[in-house]
Amino acid sequence: MSRRRLTPRIMVAGGVLAVLVSASFGFAITAIGDLRRSHRLAAHSEEAILQARRSEKLAVDLETGVRGFLLTDQERFLQPFVQGLAPARALAAQLERLVRDNPRQRATAAALRRALDSYIEDYARPVVAEERRTDLPPRRDLAVTAESKRRLDGIRAGFDRFVAHETMRARARQSEADSQADRAVIFGWIGLLGSILLVMAYTAYLTNSVLFPLRRIAAGARRLARGELGARVPEQAPGEVGELGRTFNAMAASLQQNRDVLETQNAELEEKQHELARVLDQVATEKTSVERLQRFGERLAQETELRPLAQTILWGLCELAGAQAGVLYAGETGGPPALAATRGVPAERLPATLQVDDGLAGAALAERARVVSSHGETGMRMTAFGEQVRLHQEVHLPLSASGRTVGVVSLARVQDVPFDPAELDMLEHLAGQSALAVTGALSLEASRRAARLNKAVLDTASDAFVSVSEAGRVREWNPRAEAIFGWTSEEVSGRDVTGLLIPPRHRERWQTAFAGMARGGEEGWLNRPREMQALRRDGREVPVELTISSLELGGVRVFNAFIRDISARKRGERHFGIQHAVTEALAEIPGLEEAIPRLLEVLGSGLDWRLGSFWLVGEATGELRLAGTWHDPTTVRAAALEAVRRRKSFNKGEGLPGRVWADEEVTWVKDVADGDSSPRIRAAAELDLTTAIGVPIRSGGRVIAVLEFYDRDIGQPDESLIALMGYISQLIGQFVERKEAERQAERLKDEFFALVSHELRTPLTSIIGYLELVLEDEGGLDADQRRFLSVVERNSRRLLRLVGDLLFVAQVEAGSLALERGSVELDALAREAVEAARPRAEDNGVTLQHELDPLPPLTGDRDRLAQVFDNLISNALKFTPAGGHVVVRVTSAGHVGVTEVRDTGMGIAAAEQERLFDRFFRSTTATEQAIPGVGLGLTIVKAVVEAHGGTISVSSQEGAGTTFRIELPLSAPADGSAAAPGVGTPGAAPEVPR
Amino acid sequence: MNDPPLVLVAEDDEDILALIELRLVRAGYDVVTAADGDAAMQEASKRRPDVAVLDVMMPKLDGYEVTRRFRAAPRTWDIPVILVTARVQEADVARCYAAGANDYVHKPFDPEDLLARVQAALDRTQA
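Heads up: the sequence lines are chains A and B, in that order.
Our numbering applies: residue 407 is where the first sequence begins, and numbers increase by one.
Our numbering applies: residue 17 is where the second sequence begins, and numbers increase by one.
What the hints contain is simulated information worked out from the structure, not anything from laboratory work.
Some hints here could point you the wrong way.
[Claimed, not checked] Some chain B residues close to chain A (C-beta under 8 Å, calculated; not the full set):
(1) 32
(2) 35
(3) 37
(4) 90
(5) 93
(6) 111
(7) 127
(8) 129
(9) 131
(10) 132
[As the list claims (entries may be wrong)] From the structure, some residues in chain A lie toward chain B, with a derived Cβ separation under 8 Å:
(11) 1128
(12) 1132
(13) 1135
(14) 1168
(15) 1172
(16) 1178
Every value quoted in this text rests on a predicted model; they were computed, and no experiment measured them.
Cβ coordinates follow ideal geometry from the N, Cα and C atoms, glycine included.
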């Protein structure tokens, strides 16, 4: 059967049925429609009849009204007329409308209306009006009323006709209506029956074709729904139903198939689900373990102190490893780790430090690898509930990070379940983490120690330490800074250091330098000590030495300074400077009196005092005499001093100087006016010099002088000042003593010289003098006698010379050499010396020559210069063996006369050349060869040469010869230029007066 | 011919005194001697010398003092004085001149030198 066949059939059947039913009902409806129309028409006619009767009645009313009025002549009887006027008209019009479908009736109605109108208009109104006007006689009234009645009868008749016709129409309509009703009923019955039949047929058809198959299908579906996927339905149904059945079967088959497939898939899914669940379990386990590790890590991060950290580590590891007992050793590399935490075992039983060979833990430490032990080999036990429980499994892990091992953690469990590799790996990993944390804690401890040490250093430093920010705000201020500057650390924190420490006059310069340093420049201010004046809290200034350094800490620049209070040093320097100045002042001065002004100045200005006086003890007078005064010209006017200086002497015990003399000690007076109202003191007070200090100068066990100083504010002398005063006093005292001793020595020396000079020379004078007399006498002696006496004379002269040399050398030593001043020609002198020595040279077999240029004269001591030549030539001859040469050269070189004595003698060893000019120096050659001489010759030569302002030098080579070279300034240079300065001799005798 | 110049020689050492006297006499001078400062003053007052040669170290009055006294007295102030001294230090030399001496020689002296100085002193006064 084709797919669509059922539908058209049903449709057709249905259509037919519908048509029939519709037709029936159509007929029925039509009939009913007709019926209704007829009925309506009938009703319409009824209505018209009614209206007509009403109209009629109204017309009657009208008539009655008129009649009544006419008869009674009373308005009240006219009421019906009046009242019915309008309605009558209206009704009439209405009536007309009602029957407008029927021309006849309409004409009738119209006529009626016209009649009515006429009655009213043509009759009633005029009559009434007339009646009202005139009050008509009764006869008239009767006539009128009769008219009225007649009219009315006419109208009524009309109405009757109307009604009768209308009634007839109504009846006709009614009978038509009845017949139509009958027809309708018939049609209805037909239709009804026909419909019923058709419907039944239709229904049967449908039921058969559709319903039963569907029911079967539904049953099949129910079975299907129940799960009997094998349910099938018959397929032989027409059209779509059959289709449905087939489809159903197909669907059922498909469902069955799908179910099978689904079941298979389901099974797979279940399997997968199980697996997923397994995996989730695994993940959950891992997550737990990761969380535990993370917790472990977090707890680690929270601890920074070593002990709590060790505790946390140990506890955490025990928990993670399921260990009941554990020990942790940790410490700095370089030393054995120390016990840091324990669990389950008492700390007292464990060694305080872990040595490298100490059991399994030590092994772990040494090898830097984990050590596992099972079955309680080490026999470690822990106490649990009072019993000793054996620990079966142990693991020892080194705590290593970045290649450094900082400790060992040992874990042990009671259960005899070995640690599996995964556990061990995890523990090792955690041990690594722990090691990092421990390293951190150790570093923290170390830096804490360093910081404490630092603080201790700064706190106890003998220098002030100040640290400021880039902007110059104080950051650090150590206790010594508090002591020096008078500010506490809290008071200065954050304040500008320039305002605190720098005196106002320097502030600008400092701020500029500081800004420069902050920018990175001003290198010269950094890292080298600077001296400056700093400001104290009380406004006074203190000299300090400071060294500034710059440091960057975490991106921030700070400036650090170590500051030393150098006031003591400065004071010391000043005092030393004063000592030095005093020593200098006393150095070249022949006597104390000459030194006084300088001494007062040095002390007064050095110590910043304003007025000073020097009093000398006069032994003869028994008084203190004013020997000198000094004042500071910037603060004390000279004129004002006069009153103070007027007093020129004091007795012992009188006034400050006298008191110092009597008491023989340094006296400090805080207020000079206290107890002393002398004019001198009053004058001093007026000059604002109210404090004073007096210092005794001692020499030879007694006070010889008193120093006195005045100032506005001489502070109470401290040790340093008293020491200075004592030292000065000592210096002066020693000076005086020394001078005295010098004078004494001088005197003694002079006396000695005088003695030597006189006592030695006097007899020699006689000896030589008389010898000369004898020898001058040409004829008085024979040859032998003459010869003998010559020997005597010669030796006497030699003796005299020796005495002269000795005295000369002594004078040179004493610095009191006296030289003649005369005009000397060197070349002539040289010639004479050479000639005088020629005999000797010939005797020795040495050639003696001279090369002499004429020289302008020089100013000097002829005898002494001659002696120089003699000595040099004599030496040359002494030390030159036979066959040698000696040459004496005299030339000039500009301002200088040059003399050279050259020999080809034995020469002088280099080492001995230095000492050649020393007193009594004899070369080894001379001693060995017993060459005569005392060793004064060259000393005298040098002294004479230098006394003339010249120089002497020697060059020599052993075995080859020696050359002595002398340069002497000439009074007029050879080339005629101006005389060289310095010509002449120091200490020379003055000109012979004329 | 004029009288030879008179030289006053004062020296406490006899030998040296004799020596000087001899030299001067041989040179043609007239000589009067004294053995100490006092005697020198006496001799000078007795007969005014033309030049005096005085030893510095003498008892009673030393040569300096005699020189000073000469200089202080109108009669003798312009007598040239040559001091003979064994002391040769600068201070001594200065002292000679400070005392008012015109010249000095030191012992032992070269007789020619002494004679020359005496002559020079005389020449000066006569100049």
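To see whether the hints hold, each was checked on the structure:
no.: 1; hint: 32; verdict: holds (5 Å)
no.: 2; hint: 35; verdict: holds (4 Å)
no.: 3; hint: 37; verdict: violated (11 Å)
no.: 4; hint: 90; verdict: violated (19 Å)
no.: 5; hint: 93; verdict: violated (14 Å)
no.: 6; hint: 111; verdict: violated (10 Å)
no.: 7; hint: 127; verdict: holds (7 Å)
no.: 8; hint: 129; verdict: violated (10 Å)
no.: 9; hint: 131; verdict: violated (13 Å)
no.: 10; hint: 132; verdict: violated (13 Å)
no.: 11; hint: 1128; verdict: violated (42 Å)
no.: 12; hint: 1132; verdict: violated (37 Å)
no.: 13; hint: 1135; verdict: violated (32 Å)
no.: 14; hint: 1168; verdict: holds (5 Å)
no.: 15; hint: 1172; verdict: holds (4 Å)
no.: 16; hint: 1178; verdict: holds (7 Å)
Consistency with the previously given hints fails for numbers 3, 4, 5, 6, 8, 9, 10, 11, 12 and 13, ordered from lowest to highest.
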